[in-house]
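Engineer: Sequence:
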Amino acid sequence: MAEDPVSGGEVSIPAIIAEVDRLLDESGAFLPGLCNVTSYLFHELPDLSWLGWYVTESVGGNLTLGPFQGPPTVPRIGWGKGVVGSAAFERAVQIVADVRRFPGNLRDRLGTRSEVALPVIRSGIVQGVLSVKSQQVDRFSVIEVELFSAATKRVGDRWPKQGLCSQAAPKDGSNDERKV
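In the working numbering, the protein residues as written are 3 to 182.
Incorrect hints may appear among the rest.
Okay, the calculated beta carbon distance ranges per label pair [said to hold, decoys possible]:
1) 105 <-> 28: 19 to 27 Å
2) 160 <-> 105: 28 to 36 Å
3) 102 <-> 24: 36 to 44 Å
4) 63 <-> 33: 18 to 26 Å
5) 159 <-> 92: 15 to 23 Å
Please keep in mind that the hints were generated in silico from the structure rather than gathered at the bench. Note that beta-carbon positions come from the ideal geometry of N, C-alpha and C, so glycine has one too.
Just need the whole structure built from these sequences, with the hints factored in.
Structural biologist: This is the structure we're talking about:
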């Protein structure tokens, strides 16, 4: 285990990633596994205000809210907009010590002060973005960013080839099981 210089707690990347792998594999389906990974990471690390996934609708289009832990938030983010959209557009990790100083920051009701956003890439395509937020300025350590990167890679390796948005029911409701 390594000590996290920001939180003062211990972060064991191998142990946490082993649990991420177990959660992704045990459910037998990707989405329930992703939901459990989201909950696990959110509760494993201290002082997070929000942790969740945005899913690519179409490259260059919108990112749609996926599994998350924390208060309700923005359901769609444009490609290249805010920290999450920038991670998708630039295909690169965004580490923002103070979101109030981030050009184009999308204001939220969470009181977010710092954020990390990591693109999920499978077969060269950005499938989504992991967003992790805190109400503390400069909250995220290098060790935690490495952990999020490793978790995002594991998730990306298992991401459905057809994507998550393609699994949604048709807009006409013809596949809506609630209609009997």
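Engineer: Is it true that residue 160 and residue 105 lie within 28 to 36 Å of each other by Cβ?
Structural biologist: holds, 34 Å
Engineer: Just tell me: holds or violated, for the beta carbon distance of residue 159 and residue 92 against 15 to 23 Å?
Structural biologist: Holds, since residue 159 and residue 92 (Cβ atoms, about 21 Å apart) stay within the stated range.
Engineer: If I claimed the Cβ atoms of residue 105 and residue 28 lie 19 to 27 Å apart, would that claim hold in this structure?
Structural biologist: violated, 41 Å
Engineer: Are residue 102 and residue 24 spaced within 36 to 44 Å by their CB atoms?
Structural biologist: Cβ of residue 102 to Cβ of residue 24: about 38 Å, so the range 36 to 44 Å holds.
Engineer: Taking the Cβ atom of residue 63 and the Cβ atom of residue 33, is their distance within the range 18 to 26 Å?
Structural biologist: Since the Cβ atoms of residue 63 and residue 33 sit about 21 Å apart, the hinted range of 18 to 26 Å holds.
In summary, the structure is inconsistent with hint 1 from the numbered list given earlier, while agreeing with all the others.
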